[in-house]
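> Protein chains in written order, with the working numbering: chain A, 1 to 516; chain B, 1 to 489.
To be clear, the hints were calculated from the coordinates, so they are not data collected in a lab. Errors might be hidden in some of the hints.
[To be verified] PhoX-like mimics (lysine-lysine), calculated; alpha carbons at most 20 angstroms apart, straight line:
{"#": "1", "chain 1": "B", "residue 1": "258", "chain 2": "B", "residue 2": "223"}
{"#": "2", "chain 1": "B", "residue 1": "457", "chain 2": "A", "residue 2": "400"}
{"#": "3", "chain 1": "B", "residue 1": "77", "chain 2": "A", "residue 2": "403"}
{"#": "4", "chain 1": "B", "residue 1": "443", "chain 2": "B", "residue 2": "467"}
{"#": "5", "chain 1": "B", "residue 1": "134", "chain 2": "B", "residue 2": "81"}
{"#": "6", "chain 1": "B", "residue 1": "446", "chain 2": "B", "residue 2": "457"}
[What the hints assert, rightly or not] So the derived label-pair ranges between C-beta atoms look like this:
{"#": "7", "chain 1": "A", "residue 1": "403", "chain 2": "B", "residue 2": "115", "range": "49 to 59 angstroms"}
{"#": "8", "chain 1": "A", "residue 1": "250", "chain 2": "B", "residue 2": "196", "range": "50 to 60 angstroms"}
{"#": "9", "chain 1": "A", "residue 1": "303", "chain 2": "B", "residue 2": "6", "range": "28 to 38 angstroms"}
Owing to the predicted nature of the structure, the values given are computational and were not obtained by experimental measurement. Glycine is no exception: its CB is placed at the ideal position from the N, C-alpha and C atoms.
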Amino acid sequence: MSLVDRTAIELLDLMAQGAATSVEITTAYLDQIERYDGAVKSYLRVDRAGALEQAERIDERRKLRQPLGKLAGLPIAIKDVICAQGELTTCGSKILKDFRAPYDAAIIRRLRHADAVFVGRTNMDEFAMGGSTENSAYQTTGNPWDLSRIPGGSSGGAAACVAARMAPLSIGTDTGGSIRQPAGLCGVTGLKPTYGRVSRFGLVAFASSLDQIGPLAKTAEDCALLLEVIAGHDPADSTSVDRPVPAYSQSVRQPLAGLRLGLVREHFAEGLDSEVESAVREAIRVYESLGAKVVDVSLPHGKYGVATYYVIAPSEASSNLARYDGVHYGHRTDLARMNQELAAERAALEKQGAVADLDTPLVRMYRQSRAEGFGAEVKRRIMLGTYALSAGYYDAYYLKALKVRRLIRRDYDEAFAQCDLIAGPVTAAPAFKIGEKSDDPLSMYLVDLYTVSANLAGVGGISIPCGFTAGLPVGLQLQAPPFEEERLLRAAHMFQAATNWHQRFPDLAQTAGAHA
Amino acid sequence: MSAPYDIVIGLEIHVQLLTQSKLFCGCSTRFGSPPNTQTCPVCIGMPGVMPVMNRRAFELSLRTAVALNCQIATYTKWDRKNYYYPDLPKGYQISQYDLPFSHDGWLDISDPKDKFQPKRVGIIRAHLEEDAGKSMHDEAAGQSDSRIDLNRTGTPLLEIVSQPDMRSALEAKTFLNELKLLLTYLGVSDCNMQEGSLRVDANINLHVHTPDGKVPTPIVEIKNMNSFRAVERALEYEAGRQYQVWQETGRRLGEVPKQTRGWDDQANVTRGQRHKEESSDYRYFPEPDLVPVTVSESQLAEVRAGLGELPAALRTRLEATYGIKPYDSDVLVNQGPPLVDYFVELATLSGDGRLASNWIQQDVLRELNDRQLTIETFPVRPAAFADLLSRVKRGDLDTSRAREVFIDMVSSGRPAEEIIRERGITQVDESELIALCRELLAKNPKILTDIKEGRTKAAGALIGQAKKVNPNVNPSRLLEICLEVAPSL
Ligand SMILES: [Zn+2]
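Chain B on its own, in the form it takes in the complex (with noise of 0.2 angstroms):
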């Protein structure tokens, strides 16, 4: 039975850009330095001070709305934004409101094990502000003292508003997921959620069934998620919040202003959050000390050109052009740009594209974890791997000792032929292989009996004794022999 209500969701997520610069200065926003040693008069509001739009910064955002399918406005300008908060020191952020630079687009979304249908997620807009600083409180026995790090002041964020598009927890963990790939692969962030690169506020309400029609519920703003898996958790525990809410008050959506809640990782629950200090007019207006930024054509042309293969088209590709499935080519593109390289270079040198997604899936990125090396590190590089590929696709040697020398060569970097040679690695002759089928099938009468009235699944057994006696036997080319010649004995 289908749960009694529909969950609709919308996502909003900041987005730090990996320039060297802070938005309006020339201040680092390296992570981590000591409180207050990234700060100069422009991005801590010295009276007096103006800023400067870094254009880099804007660049990156240019091609992250490109790449989200966004309309971009040709002139756009800058707004401040009033409202008070210790963090922050001009008394307004520098925002975009009424003018972004991009509105309208989309990212396309599918889950490679179909758990929903494929969808197209809706971009209200993409808009380029200032972050704030921040505040630590120490409240400790009654005594409130508070202490101000203005480092992350006047770093570029990217906000990215999308439409309240999807319908469960997993469509929106699979949106941050296609998102952040987008981003990893434009090079516009490192979306490193732990150090705050990629903040996720989510919206949540649920349009419950009666038999008057669906009936919504009052959104909720969920805050402090600090990885995708918690933004799924949030979301799940949420709806079921709201539907129980519902259920004891009925209380509709308009009836109860916004809420917004904190996420306890811990505690697996969504917590109500005090109302900010500040009042919700943050009283917008143009600011007066930027010039607007308008775009040309040519320029927009030239950040299209400048794209490269996104996520989405390059996993068509892959399946296109090496005879992958969809999940597979997921899993490659998923690694990132580095990898699907190496995937691509690998499936051409070695003639297949199946056989080189497989053991990239199964062997490389079991030893990359195991040895932590990323893939640019890894010792066997495409072609060597290839080559050993190259054999297993002969028929050279079976996949168990094609494994045997491929843990050989990513520990001691040796060729696969020196690793074969010193192993004694041959194929075996084929009327050996009768020979020692006819030898086994003699001395297990009871697995010959039983292949003999069609239980040919005991041949099996035969393998373990046959490399006992020659280590080089292929086990599926044994087993077929196997059952070619029982019925003659």
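Just chain A, with the same shape it has in the complex (with noise of 0.2 angstroms):
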């Protein structure tokens, strides 16, 4: 088996005996990304150079029997909105094209200390805005199962590197479904933890108070493993829950004795494609055949959860993008032109006499810079968040939908006061063509209808792989109270330890290769 199909908990077996060392593996998963990433472009850089040298040091740490941290190691990629000192975070975007972060996030510190291996940094919606990965401003991420087709998103390129065997792990980040939505689409592993699980200090912020990061990995253990190691209280980040870690990846091989499963009533309706809806019905059989329970749920206000989610999600965006304005941060139009073009217009007007409505030279540097820096979904939703804070419509738009989150949220506390894990879709169909849906932004936004409320509400989910359609994965969803990963991780080992949906790659000498 070659070391790129292992999982990390098999590659640190290996290491810890010696049958590999971290170079090895490391470079094994730089040459699978310099064989096949040109077609799949789920990295924006690749740190070759770098890598090696961390692996390196890491190995001949291990020969000196030196104290090395849990993820030893292990290359592992990171989407580009997570800031790492001195190095360069575009969040898909062209306003910081430039940017590099004078900081590490808290989560790359934890990695850091982990003694992981950075191999790259991925493609992503920009400011992970998106369900496809085609709002990047740098390149269009493909579906590893079939490069004409999307890989998801925002998580796009997260979620394709581990599935076309580029990084044993990488790291996500979910606002509305998007490390679960591409896991889903792309055939392995991501877990949305609760939110205030994992600092956000670092995370370029797109909608504050919905943003989580989490793990996607091959394996539920994988996730387990990284989990432990990015989740914590981080006094620079007050919304990061002060709650012990549990040993996720020592309880995660625990199955779960008399989980009671509830399926959610509405998410078995109209809009699911049939097949999609038999995979998982399946792994849900799966379960009662390991001794799950399945009990009927509903979450009656899920059906707002879309419609609540863009009001809250661009709401937020709004204001953290304003930041990004060419006077601190981002890029800033040329002055010289725009200073022509305003006397150009000036000297119009003038003529109309009607001069007083021209921008000022500073109001014009703030509006050209942004228009031409922010791609067109960005701009779409800052608009809409603008529009739905200004005077006058905030009672309408954002108050309102303040309250509907609230009462989602007291759903899910009614459902799982009767079941343990909330299990359905993740998505309603499989990966569709890259272009497909690029002029309906109300159908893209459908895409996140079973994976949005979890943010709404706050509570964690996974997304494991348990079926194909048409050589396409399906994932099965599941979702558990707050804090509860353990849980979701156990369970989600338990299905992978009964099935092997996980352990199917795509064939990328095939796919990639013909591409290539």
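Fit chain to chain and form the complex, with the hints in mind.
This is the structure in structure tokens:
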């Protein structure tokens, strides 16, 4: 078995036994990237030299029997929305094309402490806004199972690189489903932790009250290991919760006895692809065969989830993205040209006597810098959010959305009184074709239908591979009450111990090879 | 005749809190450092950073709000106030909007010279927010060049908003003085207006008396006032200006948008300011990066217990305990806690509060001022001073001789006793005084006649002559004796 097909746990064992070094492992992944990422385009930047240097150092320390971190020598890919000192962090946007963070994000510090090997930065929808990774200002990532299809988003690069065996571990972020949805569409395991479980310090904010960082990997066991490293309280993020971090990697192999799985009535309704539905129902039967009980639950306000999300997330985004104004950070328009244009406009307006309507140079600089730096989807959401927050509309939109958000959370509380986990589909259909929904933002927004409520309620969720339809992966979503990641991971591992969907790899030699 | 209008004034005061570090990061709040040297990724709003509340700033604000008799919210949250400005790095300011941590308090004011009736000024709210940076515009020769200093960005400000309860510029100034004094006693701010630690905006309009009742004029907000004196002058000027505008235009409240005017201290006028470039729609919404703050009953009780004696209570106590007048207690309390402590010690040791108060107000304050000293470094400590005052009280030496001794004590630091001995200051014997009086009256028949005919003031002219004979003569005793013996001569 090739090193790139191994799980993180297996790779750690190989290193512990002396059967492989970090340099060998890192090289294998880097070679895989070199071979196939030209076609998949999951990475924005790969740091071959830097990664090998880190790997060498860790091998050296292992040889000297020095203490090593929990991820020692394992390659990891980071979504390009998380700051690392001195490194570019573009958020998939032109506006941050040259931005180098002067500090490490909290999770980068934790990963360094765990001796992970950073191989590169993965592609994403601009500022994590999107469900297909088509909104990146730099490139469109392909789904490794079918490169003409999208990998999901916004953590499309993070999911695709794991599916394509270009990293055993990767870090994504999930604001409305951005880890679970691409994990589902790419056939990997991805976990969105409870809001507050992982520090957001250093994560470039999209919608602060919804964003959460989480792991993507080949298996639930690997996700458990990675979550154990990145979770925990951070004094620099007061919304990160001060609760002990369970030893997820230890408990993940213990099956859950008497598990009650809640099936959400509304999740199996109109719009769900029949093959996706049968894959999910088959997965539920696997759980039943393992002793789980299925109960019928309801999330009646879930149908407002997408609408609520598309008020709250853009509102917060409109504020979070205000700092990219051409004054402090980000792209600034060409001032010489701008001033020339402004002078010409002034001359024309003076003739009409309407010069009072003209921008001041400062306002024009803001406008033009932002117009040039942001892509269409980001602009759309900034406008939505600005509108929803503006005086006169605030009560009708933002405040109303907050109220619905509370109702959604209450639905979850009531559902979890009857079951331990909620099980259902991740997406209504498998990966669609690149470009298929580009002109239809509303249908694009519906890809978050099953995932977005977890963000609004702040609960955790995981996506695990549970089948295929026409050669494309189908994901099963499990959701748990707040801070029950242990339960999520154990349930996910139970399934993976009984099935082998997670062990299927796309045939890159065929898909990517043909493209390359 | 009274003015044909009432003046209505409300104040908005921004107070910089005495914290070592900024509201949401660890950067220093020191004044006067080179531009942009007191900044970090958090206060300049770098992508990905998050604010963490400075607990000390919240405690100081809580102290102030409790002292202002405010209701304290048990649950309070932060909001973002969104607007674009070059000195606002995040594109929003973290403030408190609909759930400030305190509201509905009051502060009592009165004028020691009784120029207005004592009154209670309502406090609408006090809330915490972060300051913005500073823009420096250089628009020389058509070339506009702007520089931005973000040292101030994130500095904790307590915004205190009063009800429009003040009816004159003097009331507004008195309110500010009383507030500043309170803040000083609480130790929450140094209130230095020059360094921007205390900034005042005033809202003012008139209720013009007309045959059809009182008509309100449009409200004007005045900014850029950098002393309390300037506030007073600006308000006086603005009241007159608004009356004139009303007479010319008859424009009422609501007919024109609220105007912002700046105070020009040199020209002594307010001037209309250019409309701000941002819109007034701040798009407030709850700050998702900060957890709400809760204040428990026990925390509140602790703050209440730790407040200490505040100026109003202190004045009352000084008047009651030491028998001094409101005017005097006001002067003493206005000097701040160290001087009050000094007074209390002196009054207790000398056993005469009024004497202690007079000496402090006339002599100590003058010496402090002349010698550029503070009461903490004043060389004459209360025990030594009390010794001198006891002697004055006993009549061992008169006020003018005592003042000589006092000034010597200040310069030399020696005890009164030593100075008195050295200068040969002793009490003059009663029989000696009677003999001296007889002698002087005999030498000055005109004065004797005057006294006999009831013009007793004439005796005053004898003091100088008596002092020449014996510098230790107590002038008041001398006068008494002269009047006693004159009829028999
Ligand atoms: Zn700072």
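> Against the structure, test the hints numbered earlier, and report the numbers of the ones violated in rising order.
2 and 9
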